[in-house]
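Q: What follows is the residue order along each chain.
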Amino acid sequence: MNMKYFFVGAIGLVTLLTSCSKQVEIQLPYEGDKIVVNTLIQPDSVVYVRVTRSVPSDVFDDSGYKDIPGATVTLTEDGLPVAPMQVQEIKGLFWYVSQKKAVRGKQYAVAVAAPGLQSVTATDTLPFPPVIKNAAAQRNTNRVQFTLKDCPGTGDYYRIRIYVSDTSGEYGGFRPFRLDPAFNNNLVDFFTKSNYNSLVMTDERFDGKEVNFVLQTADPINSYSRVTVEVSTLTYNTWKYFSTVIPQKGDGGNIIIGSPVRVFTNVQNGYGIVGGINTRKLVFKVE
Amino acid sequence: MSLAGKLLTGIFILCFPLSVFGWDWQTRVTVIVKDQPIEAVCALLEKEYGIHFSYSRELVSLSRKVTLTAHNQRLKKLLEDLFAPDDIRFTRVGDQLVLSHARRNTHTISGYIKDAVSGETLIGATVYAPGLKQGTTTNQYGFFSLTTVRDSNSLVISYIGYRPYLQPVSLKGDQLLNINLQPLGSLREVVISGKEKTKLQEQTQMSKITLSSTELQAMPQLLGEVDVMRTLQSLPGVSGGMDGAGGLYVRGGSPDQNLVLMDGTPVFNFSHFFGVYSLLNANVVKTTDLYKGAFPARFGGRLSSVVDIAMKEGDMKAYHGDVSIGLIAAKFNIEGPIIKDKTSFIVSARRSYPDLLLNAALKSDNTLGTGGDFKAFFYDINAKVNHIFSPKDRLFLSFYKGEDNLLVKQTTIDSTGAGNPAGFNLQSTKFQMGWGNTIAALRWNHIYGPRLFSNITLNYSQYSFFTQYEHRYQLPGTGELSNVYGKYSSRMENSGGRIDFDYRPNPQHAVRFGAITTMHYFKPGNSSFQDKGSPVKPLDTLPSSMRITGAELSMYAEDDWQLGSNLFTNIGVHASAFLVEGRFYYSLQPRLGLRYVLPRNWAVKASYTHMNQYIHLLSSNGTTLPTDIWVPSTQRVAPMFSKQVAAGVAKTSANGKYEFTLEGYYKSMHNMIENKENNTILTPLPARWDENVAVGKGWSYGSEVMLQKKKGSTTGWIGYTLSWSTRRFPGINNDKIYPYKYDQRHELELVLMQRLGKHWELSASWHYNSGTPITLPVSSYAGIDNPSPWDPSVGHTSIDRYENWNNYRSADVHRLDIGITHTKQKKRWSRSWNVSIFNVYNRKNPFVYTINDDPDTHKRYLIQATILPILPSVTYAIKF
Chain A
1 MNMKYFFVGA IGLVTLLTSC SKQVEIQLPY EGDKIVVNTL IQPDSVVYVR VTRSVPSDVF
61 DDSGYKDIPG ATVTLTEDGL PVAPMQVQEI KGLFWYVSQK KAVRGKQYAV AVAAPGLQSV
121 TATDTLPFPP VIKNAAAQRN TNRVQFTLKD CPGTGDYYRI RIYVSDTSGE YGGFRPFRLD
181 PAFNNNLVDF FTKSNYNSLV MTDERFDGKE VNFVLQTADP INSYSRVTVE VSTLTYNTWK
241 YFSTVIPQKG DGGNIIIGSP VRVFTNVQNG YGIVGGINTR KLVFKVE
Chain B
1 MSLAGKLLTG IFILCFPLSV FGWDWQTRVT VIVKDQPIEA VCALLEKEYG IHFSYSRELV
61 SLSRKVTLTA HNQRLKKLLE DLFAPDDIRF TRVGDQLVLS HARRNTHTIS GYIKDAVSGE
121 TLIGATVYAP GLKQGTTTNQ YGFFSLTTVR DSNSLVISYI GYRPYLQPVS LKGDQLLNIN
181 LQPLGSLREV VISGKEKTKL QEQTQMSKIT LSSTELQAMP QLLGEVDVMR TLQSLPGVSG
241 GMDGAGGLYV RGGSPDQNLV LMDGTPVFNF SHFFGVYSLL NANVVKTTDL YKGAFPARFG
301 GRLSSVVDIA MKEGDMKAYH GDVSIGLIAA KFNIEGPIIK DKTSFIVSAR RSYPDLLLNA
361 ALKSDNTLGT GGDFKAFFYD INAKVNHIFS PKDRLFLSFY KGEDNLLVKQ TTIDSTGAGN
421 PAGFNLQSTK FQMGWGNTIA ALRWNHIYGP RLFSNITLNY SQYSFFTQYE HRYQLPGTGE
481 LSNVYGKYSS RMENSGGRID FDYRPNPQHA VRFGAITTMH YFKPGNSSFQ DKGSPVKPLD
541 TLPSSMRITG AELSMYAEDD WQLGSNLFTN IGVHASAFLV EGRFYYSLQP RLGLRYVLPR
601 NWAVKASYTH MNQYIHLLSS NGTTLPTDIW VPSTQRVAPM FSKQVAAGVA KTSANGKYEF
661 TLEGYYKSMH NMIENKENNT ILTPLPARWD ENVAVGKGWS YGSEVMLQKK KGSTTGWIGY
721 TLSWSTRRFP GINNDKIYPY KYDQRHELEL VLMQRLGKHW ELSASWHYNS GTPITLPVSS
781 YAGIDNPSPW DPSVGHTSID RYENWNNYRS ADVHRLDIGI THTKQKKRWS RSWNVSIFNV
841 YNRKNPFVYT INDDPDTHKR YLIQATILPI LPSVTYAIKF
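Chain order of the listed sequences is A and B. Going left to right, the first sequence walks through residues 1 to 287 as full-length UniProt numbering numbers them. Going left to right, the second sequence walks through residues 1 to 880 as full-length UniProt numbering numbers them.
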């Protein structure tokens, strides 16, 4: 229950007049440099792998972290090496890009070795694509709808995002949203007024059903004419990763209260995620 | 032997002069022994004077150790002195002394000890027969029973703050007495002349601290409020949350493991204002007993502590009361007789008031818009009536209600997009939230006979939380309208009855036994939601709330038993059973206390207790909040239980001025719950809460030392605690043991109360505890959002890596609080001013930490926030 944020806020309000804060110089503990591997593998697409180095937690890096020069990155498909990956600079960051597209039904493994660092490996498979249709939104309202057909009994994992673009296709940014409280039948969602850039969930509450999702955007959709509803199916690893990243990042100003959220990693001896994802997009004009 | 034979033997004995045997009653004997059993004295008499003793070891015990120095004493006198304390009768048969147990009638003196002025019963008053060196104390209802095999012609009754009283008693028959003790009049005199209560070395009970209302009232105040919970936090073995807010943590246990009883009725949430204040007005508290271990068998249902609060009953003789106003709250208290010496009442109420001032300011500024309103307050009401039907029957009816409330009603018109009609919107919101306890109890004290007392209680306790929200949002430009209303509530109720018997068959035994039955009603997480005009169909229609009823039955028996001259035990058992949703749980909980009195009146004590808890508190990660809900054990989450061993020494000095205790303890706790290390945005169904928690164990151990000065113009205590508290849960912290969030290694408390002249009283307390564990990341690294770097992205994701839980210690906490009270007695009333300063030297103790990023230096810092800096307060009170 996210009400704790409300109460923390309430306590904060009451004591605001008398409270004060100070910066504490501390020696934060550090585990030592580790290899960080990040890739989300999409079927029918080449594989992009980012390899970086971890830093002490008192370092603030908003530029995407440093690459590891001289790293050896190996991608295998069902245990067989895929042609060597090529390094490409994309939007200012270096990526290892496969020559071959990923295929659903195969298992992919990434191994990275770098001088002076412990080698790492990670493995995952690729999920089925989501079955989505009937996306719609009305101009100047804040509801976006679409239909999702869930496969029965398979234990599926999803991520939903909304972004907008203009008629020329220029990206206009993600739209924070939440499940319509009436849809989720949850008052707490309404209180907390939390909006997310992405909604990560299991099919626990709608297993095997065709569900008409109703999303409520934080602001009315009016300035852009095109809306993209992006729905991804996730493997367990990817779901576990997203479902731990979001609460960690959503902790509002990094308040240290009680138990921290430990972000899932499937990278042996290192950090990051090698996970399968299968994304479908519904792009539609706002009526 | 034939009849002739018997006659001949008799004649032979009768004709034989007694002097032939070498001794008679007048024979002068010399015996010098030191710390030897009586048996050794008999052996000496036999050896030196030819006096043979005949007795059955099964009937007569000669094991008591004595120290005798008798020079040329008459034999009969020596034997009388030697055997009298053990009620051993001696008869001469031939050259033998036949020993047997004297068959003398016992008699029992029982009754109530009361305050002579108000008629209030006194808990823990001492009843002592000096001639017999026997005594007892009054129980929770002021009742005592002293059964003795010997005659006593007087009893000394004493109680701290009262003039000791010599009560003559009849030599024959049982007696029922109502003894009134005269209070010493003022606090000043109390402190000087307070007569001793039962000394620590005379109680088998350990790990217990009693706070009198005098001690409570003398403590420094926080924003003008004397507080039970904060005072308890200043005792060794007890800590509060961060900076004292957020509950009681006793010997490494969590707040849900405390059994808080108000007049015997359990309370679920013992705080106002997010744990800063107790739910109770301290002016109506008579005594507070805190048990940290060695739990008597009559208590059960929680693992870590029992806080047993006895409330005042109301003056039986005259009307009086008090009114006071501090910086946070105003309160009054009135009590008096309804029928003099028969029926009395007490009513008290308290309300915090700063919101009234704030609301007026907000309204005058029109900050909240048209129809706007703001309320944020707590209140509590206590009422109690008691009636004496006969010397043997008394009835109490008590009621408590306390609530915290928050209301914000606001209307806003957003015309920032005046040029764009679509941006113009109207919003009105009403947010309301409240939580509180309602408690009612009916108790009947009955004396069946001089040795058997009973109390029957029917009680009801409810904790509820509710919040409701109305939101109307309109975009006139587009016709968009949203009008939602929702309510969320949780409720936990207990109703039950208990019967307790107090049976004192003889001075060697004090037996208590009884039965408790409790019905638990759990209604957590009820929500209703309406979105008027919305065509949206809910995701699912599964019930989002639970309705569970559980029945708990307990039986207990305990005996405070004198095993030998220096060895005592309190042995007991608490058996309980819990029936919920077709599942049946039970437990047998042994309780054992031992006391051995060493020379120089030092008592060595040890205890073992087993406690069981059938209900669990579900709380948000790391914080104790009003939204926390109670749930019963399930198939996956079995009842919690704990085992605790404790050992220590204790002594009250001969003059009763000083008390010293040193205790060590080890406690293991099982089947505790902790939220799993995952979070999902979709709220899990409350009915399946047990899938979201891990079930694990905890251990705590440590030692506590306390030196208390009880009398004189200077009183107070020094307490020090050295402790460890750890937890282990599968799936959390890589299944490794980690420090509990309130694992504070050292804790030191200094409390001082000083009388200055007739009118002034100064109090000061200094608290120190070493840092509280917090979890900090061990490194940071890049994250990822998309399969392709060409996809739209929210920017670079930075992830913190957490390794071990609670891997860092926050700053040490220390604080000095002082208070000074000036009291002036007028003809019919008295008035007092109290000035208190909380955190005198403005120590910036940590309440919460945040990690802040600095893009300029590319550094991250830990920021420590403090919520309780130096806080002076003034309270004005009138008593009449």
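Hints are not guaranteed to be accurate.
Claimed, not checked - Derived DEER-like restraints, expressed as beta-carbon distance ranges:
#, chain 1, residue 1, chain 2, residue 2, range
1, A, Gln23, B, Ser495, 49 to 57 Å
2, B, Trp790, A, Thr147, 23 to 31 Å
3, B, Pro792, A, Gln23, 41 to 49 Å
4, B, Leu426, A, Thr147, 42 to 50 Å
5, B, Trp699, A, Ala218, 27 to 35 Å
What the hints assert, rightly or not - The following residues of chain A were derived to be distant from chain B, with all beta-carbon distances above 10 Å:
#, residue
6, Tyr171
7, Pro220
8, Arg262
Claimed, not checked - Think about it this way: if two alpha-carbon atoms lie no more than 25 Å apart in a straight line, the pair counts; the simulated SDA-like pairs of lysine to any residue are:
#, chain 1, residue 1, chain 2, residue 2
9, A, Lys240, B, Ser788
10, A, Lys249, B, Lys487
11, B, Lys643, B, Ala654
12, B, Lys736, A, Lys22
13, A, Lys66, B, Ser668
14, A, Lys249, B, Gly731
15, A, Lys91, B, Asp531
16, A, Lys281, B, Lys487
17, B, Lys487, A, Thr217
18, B, Lys676, A, Asn269
19, B, Lys859, A, Thr217
20, A, Lys22, B, Asp854
21, B, Lys208, B, Ser668
22, A, Lys249, B, Leu776
23, B, Lys676, A, Lys22
Everything labelled a hint here was simulated from the structure, so no lab data went into it. Ideal placement from N, C-alpha and C gives every residue a C-beta, glycine not left out.
Q: Confirm or reject each hint.
A: How the hints compare with the structure:
In this structure the supplied range 49 to 57 Å holds for A:Gln23 paired with B:Ser495, their Cβ-Cβ distance being about 52 Å. At roughly 28 Å, the beta-carbon separation of B:Trp790 and A:Thr147 lies within the given 23 to 31 Å, and the hint holds. A C-beta distance of roughly 36 Å is found between B:Pro792 and A:Gln23, which places it outside the suggested range of 41 to 49 Å. The hinted window of 42 to 50 Å between B:Leu426 and A:Thr147 is violated, with their beta carbons roughly 33 Å apart.
Between B:Trp699 and A:Ala218 the CB atoms are about 47 Å apart, so this pair departs from the stated range of 27 to 35 Å. For A:Tyr171, the non-interface assignment is contradicted: its Cβ lies about 5 Å from the closest Cβ of chain B, within the 10 Å cut-off. Under the 10 Å C-beta cut-off, the non-interface status given to A:Pro220 relative to chain B is violated; the minimum distance is some 7 Å. With a cut of 10 Å on Cβ distances, A:Arg262 falls inside the contact zone with chain B, its closest approach being about 5 Å.
For the suggested pair A:Lys240 and B:Ser788, the alpha carbons sit about 19 Å apart, so the restraint of at most 25 Å is met. Between A:Lys249 and B:Lys487 the alpha-carbon distance is near 29 Å, which puts this suggested pair outside the 25 Å criterion. A hinted pair counts as satisfied when its Cα atoms are at most 25 Å apart, and B:Lys643 with B:Ala654 does not qualify at roughly 34 Å. The suggested pairing of B:Lys736 with A:Lys22 is violated, with an alpha-carbon distance near 33 Å, which exceeds 25 Å.
For the suggested pair A:Lys66 and B:Ser668, the alpha carbons sit about 47 Å apart, so the restraint of at most 25 Å is broken. For the hint linking A:Lys249 to B:Gly731, the alpha-carbon distance of about 21 Å falls within 25 Å, and the restraint holds. Among the hinted pairs, A:Lys91 with B:Asp531 is inconsistent with the structure: their alpha-carbon atoms are about 44 Å apart, more than 25 Å. The suggested pairing of A:Lys281 with B:Lys487 is violated, with an alpha-carbon distance near 36 Å, which exceeds 25 Å.
Of the supplied pair hints, the one linking B:Lys487 and A:Thr217 holds, its CA atoms being roughly 23 Å apart against a limit of 25 Å. Between B:Lys676 and A:Asn269 the alpha-carbon distance is near 24 Å, which keeps this suggested pair within the 25 Å criterion. Annotation: proposed proximity of B:Lys859 to A:Thr217 is violated, straight-line Cα distance about 34 Å (limit 25 Å). The hinted pair formed by A:Lys22 and B:Asp854 meets the criterion: a straight-line CA distance of about 14 Å does not exceed 25 Å.
For the hint pairing B:Lys208 with B:Ser668, the CA-to-CA distance comes to about 19 Å; that is within 25 Å, so the pair holds. A threshold of 25 Å between alpha carbons decides the hint, and for A:Lys249 with B:Leu776 the separation of about 14 Å falls inside it, so the pair holds. Straight-line distance between C-alpha atoms of B:Lys676 and A:Lys22 comes to about 32 Å, which puts the hinted pair past the 25 Å bound.
Hint violations for this structure: numbers 3, 4, 5, 6, 7, 8, 10, 11, 12, 13, 15, 16, 19 and 23, all remaining hints satisfied.
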